[in-house]
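Enquirer: Use these hints to put chain Z onto chain Y, whose structure you have.
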Amino acid sequence: MSLWVDKHRPRSLDDLHYHHGLSARLKALAASGDFPHMLFYGPSGAGKKTRIAGTLLELFGKGVEKLKIDQRVFLTPTKRKLDVNIVQSNYHIEITPSEVGNYDRVVIQEILKEIAQTQQVDLSAKQRFKVVVIHEADSLTRDAQAALRRTMEKYMSNMRLILCANSTSKLIAPIRSRCLLMRVAAPSAEEMQTVLDHVAKREGFSIPEDTVKLIAEDANGNLRKALLVLEALKMQNPDLEASALNIAKPDWETYCHKVADMIIQEQSPARVMEVRAKLYELLSHCIPPSIVIKTIADKVVEQVDEALKADIMHWAAIYEARMRVGNKKIFHLEAWVVKVMSLYKHFFYSFDMEADFDDF
Amino acid sequence: MSFFKPHAPKAAQKQVDPAHQPWVEKYRPKTIDDVSAQEHTVAVLQKTLTSSNLPHMLFYGPPGTGKTSTILALSRQLFGPDNFRSRVLELNASDERGISIVREKIKNFARQTPRAQAVASDGKTYPCPPYKIIILDEADSMTQDAQAALRRIMELYARITRFCLVCNYVTRIIEPLASRCSKFRFKPLDPTSTSMRLEQIASAENVPVTPETIQALISTSHGDLRRAITYLQSASRLAMSTTPPSTITPRDVQEIAGVVPDAVVVGFASALGIEQVGGDGMDIDMDDSGKTKAKGFDGVRQKVKEIIREGYSASQIISQLHDHVVLHPTMTARQKSRCALAFAEADKALCDGADEELWILEVGLRVHKAMASES
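In order, the protein sequences belong to chains Y and Z.
The first sequence begins at 1 in full-length UniProt numbering and counts up one residue at a time.
The second sequence begins at 1 in full-length UniProt numbering and counts up one residue at a time.
Restricting the straight-line Cα-Cα distance to at most 25 angstroms, the calculated cross-link-like pairs of lysine to any residue (SDA-like) are:
#, chain 1, residue 1, chain 2, residue 2
1, Z, Lys26, Y, Arg128
2, Z, Lys305, Y, Glu253
3, Z, Lys348, Y, Pro288
4, Y, Lys27, Y, Asn90
5, Z, Lys305, Y, Pro289
6, Z, Lys348, Y, Gly101
7, Y, Lys225, Z, Arg309
8, Y, Lys294, Z, Asp298
9, Y, Lys249, Z, Gln302
10, Y, Lys7, Y, Thr96
11, Y, Lys170, Z, Val170
12, Z, Lys305, Y, Asp251
13, Y, Lys113, Z, Gln21
14, Y, Lys170, Z, Ile308
15, Z, Lys305, Y, Glu191
16, Y, Lys294, Y, Val304
17, Z, Lys348, Y, Thr295
18, Y, Lys345, Z, Ser373
What the hints contain is simulated information worked out from the structure, not anything from laboratory work.
Next up, chain Y with everything else stripped away, as it sits in the complex (with noise of 0.2 angstroms):
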């Protein structure tokens, strides 16, 4: 038995519940016989994925659906074996190759050689060309990128491209340029509550209207959140009274308000070593840095006097970014840490932090 987010999932176009007018769209182009390099963006949960399988489906019919993995290993020009786990079907082909770091430009570059340079064998296939389906494009190396400029042109009679991120901002200009992009909003609330309705439908119970609402809003825009939790809450409590449900939180985010809590508190140097050991504890559980930064900022944020929210966040995007760029993230939530406490215990003593903004 498979999750609802899997069962539910909508299999064509056609059965998709909101931005109908993209919907539309997909289906014209498939249609149309002139498909383009395409590029889907939008926040996670918001149906990219589906999105592409249901235009897959368009171009090709059932045939993408019988799905085989492959496990593909790749020869770095310094004889490093990687090893990639690739999704493919007669007519196209799923990879993430930003799971092998840095050497995604080799991975990239053969597959797209190998699919560009053989032709479609079927005669019965619906297109001549096969798809590249690239997932977490956004995540791949200025080299890799560059790999693909020249390639989408080239190759463009053999293969078609469909790039899937949630951002643009990563990838480099000449790629957006050569794709038709695609952005995919996160359903609104509204919307979240007809998925919510149908899925309870085809699971044969009705949901109260204020639990729908309860979930929709704690899933913010994220559906793949809202089902999952959904079927949490319908495991614990069969009847879904708005009342007594309590929408369990990842322990790792209670776990972070607790950090928040802790800092607010008491702002000294035992302290931060409390602190600093809670948050390894995060790092090691391998929850990402700047989630962890964003959850603790935000929640310290909600309890301090409003002067001190914009220095708070300030803070928090500058050491995020550094984080990026420096090598030891401990250091830079350490530190980041330590400011908002400074910031909080000169608050209390004297008013006059602006100086220290406008320096930066």
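Expert: Relative to chain Y, chain Z alone:
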């Protein structure tokens, strides 16, 4: 068969139904006279056609200004379709271009003495000068070592081989290479030549376009002709695919280009305390912003959350907000400069891969502060 060879794209394209070909390839200039708006470069190259003497060349300039097109057109005019394959080697960033390739492939190609001139099959005569051309496209992504290895090769085989380096940033080419070449700068296309070219293509493809659409294409593409043509093609695809076929509106173009709608930018700006000037339709928004302004931090935060949920890209938002601020009539110079500082830092951070939400919020808060400080 030979058309699978990576450096034979033209042969492969013969198979493609011209209707499905990207217009960028379809309307690539066939002769250097067709190249838009690079009069100076064209004039110089035109002479080489008659004198059959060519220096090493370095083409640089922003994307979509016709660098690759020019060199391809020139080599086609020099050698004709028959000799093109044997006389021209095109390598770009999608090919492996480490030092080993420079040592082997490029050196081997450079070393070959060109065959004697063959008679062109299509009846035209081509100058077919006694040298080969090696085109290194996107040369700025070559490693320093690979570039260094090229130095001596360029001199050694100068009698029978000409190099043409094509790149965006001339500063990434090492000095010894740059000094061996005559440099040609390709400037961004001016609006008139862009619009001429676009209209030409549109009429050849039977796509009805209004002057407003052309204007939207030009403003979204920032002098990048390839981008403008790609947008035009995408827009016409979308317009054709509806039933009945609709005409292309400027809004379609903006959506394809990933431009954030003006209403969103204006809404964001007013949440930050930048007051809106002119426009009667903005009255409702104004009332709205009055409320959010009162909320200060939370107002800004709310707005940022909305923008992130809509999935707009942070760099796009910031660049459009920048345009909005810079052209704003009533803000003081000091306020504008503070905003500019915030934008610059945010852009740097985003380039380093920082979190988008945090940085839009950061920009929002700093602009908000700047607006509140002295108004």
